[in-house]
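**Q** Add chain B to chain A, keeping to what the hints say.
So the sequences go chain by chain: A and B.
With my numbering as the guide, the letters of the first sequence map in order to residues 1 to 216.
With my numbering as the guide, the letters of the second sequence map in order to residues 1001 to 1263.
It should be emphasised that the hints constitute simulated quantities derived from the structure, not laboratory data.
Since we're looking at a predicted model, the values are computed, not measured.
Honestly, I wouldn't trust all of these hints.
As the list claims (entries may be wrong) - A few chain B residues that face chain A, going by a derived Cβ cut-off under 7 Å, partial list only:
1) 1099
2) 1105
3) 1109
4) 1119
5) 1122
Ideal Cβ positions, reconstructed from N, Cα and C, are used throughout, including at glycine.
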Amino acid sequence: MRELGPNEIIFILAAVRWTLLLSLVAFLGGALGGALVALARTSEIKGLRLISNGYIKLFQGTPLLMQLFLAFFVPGLFGWSVDPWTAAALGLSLHASAFLGEIWRGAIEVVPRGQWEAATSLGLRYTPKMALIIVPQAIRIAIPPTIGFLVQLIKGTSLASIIGFVELTRAAQVINNATFRPFTIFALVALVYFLICWPLSAYSKRMERKLLVAAR
Amino acid sequence: MASEATATKTAARSDEAPIIQMRKVDKFYGDFHVLRNIDLSVTRGERIVICGPSGSGKSTLIRCLNQLEEHQSGEIVIDGTTVHAGLRGIEDVRREIGMVFQSFNLFPHLTALENCTLAPMKVRGIPRAEAEAAARVMLERVHIPEQAMKFPIQLSGGQQQRVAIARSLCMNPKIMLFDEPTSALDPEMVSEVLDVMVELAESGMTMLVVTHEMGFARKVADRVIFMDAGEIVEVAPPEQFFRAPENERTRKFLGQILHTAGH
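Just chain A, with the same shape it has in the complex:
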């Protein structure tokens, strides 16, 4: 059995960068996908609304772990082997696209009908109307729940450990298998997640309060 020394601790802490990088990639991928999903959900074209709604329902109605398994194993069926990093980034991005899409759809729909009508009556077409009138107002509403979801996403990256991607949780498992000090190790890991997520939650709460005050 190996001792839990500074090297082991550093090995765990160094893996935080993979957690953060995976979170970042998944969030950016999810933001891109989520924007498309939100626009499709609020589109005047019925087909787009149906497809995007199905996509959201599918990803909200299945566990993230299953989504990661599928992202990891399904490409293999077609002869493409994906490494755990690609599978985790892809799976989490698709997952985030559904959730961010739904959050942003809500934010777009909260913008009063009169804003659409005023923009429409001025002769603005879809793109400038969305970009200059609707989205800027929706963003203010969307920031708190978006950050709230980012926190979920960061914690969700821990599931990538199960498909063998070495991020914070996986690194901790590896060290625990060698040293067998589960309490110390997993308490440390939990603390690291908390230190990343808590400021974000606090910021989100503060933004929410600011919006409430502004709405008065």
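**A** Same frame as chain A, but now just chain B:
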């Protein structure tokens, strides 16, 4: 040598031709018949006031003109263009029709000036400096040049509505639609908005105004329209409309609103 099509178009654009022509227009919300067989033609520079009980279809009528609402049958021709659901290039018609809403609908994230310059810049492609200069002239015209850099939330209701009027005018529309522009205002602010509308009427703008401000109707309207249950019940010059309304429903309605207005 003008082709037949060009000739028709020229005829449609001449000053005698109506700028708005509605023929047998019907509109439904599901089973509810909102507009029934509407026939209305408006000439250039004409000022029309539309009144009627709530739910009579008067807002819906003007909202069909710029197709914020679609009609199901009949024909609506705006300055030579027939408008209908799914018309490509409907934006080209809309930009010629200014609309002022009951709830102002200013863009809250933009200043008064930016509210006024956005559409001219993005829809008409006017450079910023020119759009701003024009917007300042319009804000002057609605008597609030000093509020240009303020956000809507910093303005009173009357000021917001005047910015909304300026915003529409900055597009140099051929027609202005007003959908109960003073209904959401505190009583002391009604006149500042009506004054601006009277001045606009005097400038020769074609105006369709849905309102219960009968003083305004008397003063500026060429014709007053009374609607009830989706129909145009009566159309008359204000003098005749108020003195000797022909229809029983018009008399009843006038009795009610003039009574509540304290006349």
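**Q** Find the hints from earlier in the document that the structure breaks and name them by number, from lowest to highest.
**A** No hint contradicted; all consistent.
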